[in-house]
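Chains as they are written, first to last, in our numbering: chain R, 1 to 278; chain S, 1001 to 1304.
In short, the hints are calculated from the structure, not lab data. In this text, all values refer to a predicted model and were calculated from it rather than measured experimentally. For every residue, glycine included, the Cβ atom is placed at its ideal position computed from N, Cα and C. Nothing false has been slipped in among the hints.
Pairs of lysine-lysine, DSS-like flavour, derived with a Cα cap of 30 Å: (1) Lys40/R <-> Lys1155/S; (2) Lys40/R <-> Lys1146/S; (3) Lys1146/S <-> Lys1126/S; (4) Lys65/R <-> Lys1126/S; (5) Lys1209/S <-> Lys172/R; (6) Lys40/R <-> Lys1126/S; (7) Lys1209/S <-> Lys165/R; (8) Lys104/R <-> Lys165/R; (9) Lys1207/S <-> Lys165/R; (10) Lys40/R <-> Lys65/R; (11) Lys1155/S <-> Lys1126/S; (12) Lys172/R <-> Lys104/R.
Examples of chain S residues toward chain R, derived with CB under 7 Å: (13) His1009; (14) Ala1017; (15) Gly1031; (16) Ile1094; (17) Ile1110; (18) Val1112; (19) Ile1115; (20) Val1119; (21) Ile1120; (22) Phe1123; (23) Val1124; (24) Val1226; (25) Ala1277.
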Amino acid sequence: MATRIPLSRSIAAHTVLIAYTLISLFPVFVIVINSFKSRKAIFAAPLEPPTPTTFDLVGYATVLKQGDFFQYFMNSMIVTCSSLFFVLLFGAMAAFALSEYRFKANTLTGLYLALGIMIPIRLGTVAILQLMVAGGLVNTRTALVLVYTAQGLPLAVFILSEFMKQVSDDLKNAGRIDGLSEYRIFFTLVLPLIRPAMATVAVFSLIPIWNDLWFPLILAPAEEVKTITLGSQIFIGQFVTNWNAVLAALSLAIIPVLVLYLIFSRQLIRGITAGAVK
Amino acid sequence: MAAKSFRWHIPVFLAPAVLVYTAIMIIPLFGTLNLSLYNLDGQNRIFVGLANFKTLFGDPRWSASFWNALGNNAWFFIVHMLVQNPIGVLLAAILSSPRLRMAAFYRTAIFVPAILSFVIVGFVWKLILSPIWGIAPGMLDWVGLKSLYLPWLGKEAYALTTLALVSVWQFVGIPMMLIYAALLNIPQEVLEAAEMDGITGSSQFWKIKLPLILPSIGIISILTFVGNFNAFDLIYVSQGALAGPDFATDILGTFLYRTFFGFQLQLGDPHMGATIATAMFGIILIGVCIYLFAIQTRLRRYQF
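Isolated chain R (complex conformation) (with noise of 0.2 Å):
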């Protein structure tokens, strides 16, 4: 099979790594732990773990007494995952038809969409707002959806449109030649062969949806409607000089993510690696 890794580049390969790991965690690592600490620890030793002597949820105490993390977590995970849907779905299709077929319009449809790439949405809020407003869907997640389907179809059909082009020929006119629909080839024959791209693009789509704080706070500031990043933002301005607040708000901020992120990846891995292996 493959060829045995000299020791030594192996070495030199894990100490790269290693050291980019350090780099990546550190800085997170250093808020969570301190956001367990009492003020005095906080400032005498930053870099200790909290021993029994400097532990204290003085931080998480002032933080949950306002406010309803979980429900905002519920919002940004509906909106998150619907928008997702929609997205990969809606742009897994139009990267077909774009990258399959000839016909007058292709090159324009593309260019129309791949405008989409350089726009920033915002540009469109004041116009957006008065929109939702019309349609009576302000201060509801479904406001959010439609933004957030809109901003990251773009970027999901230029991409899958070049991974698609990659899919081989001769697989889809093979089914085509056993009479299957279009549909059936792009569903049944498609969609499993791109699922590395799929969730390359389900990974950093996701990335903005979760973390914008624009939208949310135009199109659905109300409370039962507020996502996470809004939640937190708000917290931590509220907290400016109290340094325990801070940094639990910003470690309450942190670990759903992080717990979300950590059940996606192994999806994503698989996926990325099963699309790989053939």
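Starting from the structure of chain R, add chain S where the hints point.
Then chain S, alone, in the frame of chain R:
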């Protein structure tokens, strides 16, 4: 060909994406582009043509801020291209080497910053670099370099580069993942054929893998360009709308925000805001056209 019946599946595949995208994105955007051609004359909104752009590029009250923001934005982009993308490719190349232990762990860990919001990243780095808390000077002290410490975010000469590096720290996982997926998509037969010919190790990377992943590197470069020229949040969260110290970190996004919504004593100006937005649109359009017509068409694509 002409006798062929109309292929209904093509519009069916395209319709959902095109409809949502047109209604929520394109129509509101045209509202903005249209607004940049108008201005207030006392109480009335009048059509002024391109006069707003003349003000933006030529009138000293506006142009100094505009060119400053554009220059800063260009530097922000250069730092990303020189630091973020090479590190991303390097990490992906190491990660994709066969039978690497703990590859899943590294991949997961290195991607963590990219999932955090700007709100978190901005505050976390502000706290860590803060002279009050003292983590950064404390750590430099360990390695005997305490004299190198400066409150980087407060110094005009360093603030922008520091923020660009914070942004690189946050997003390096994205090029890494894209390149990693592209490397895994290279068929084993191609690599085995290369090994038969005695091409292994780093020469295999340069001669076989790199040409095959060039289209992905192209996509990453243009995504970085677009992302950087739309950037706003990180600067806003860590330095505020005034992009201090003394506008040293002002980029087009923060300039647009200040103009559009107003700040301190200055009132918001939707018309000049729309003008800046249109200028940003133009800049990004030029970059993307260069990519699409000059670079992408020259890249070879391989079908496996």
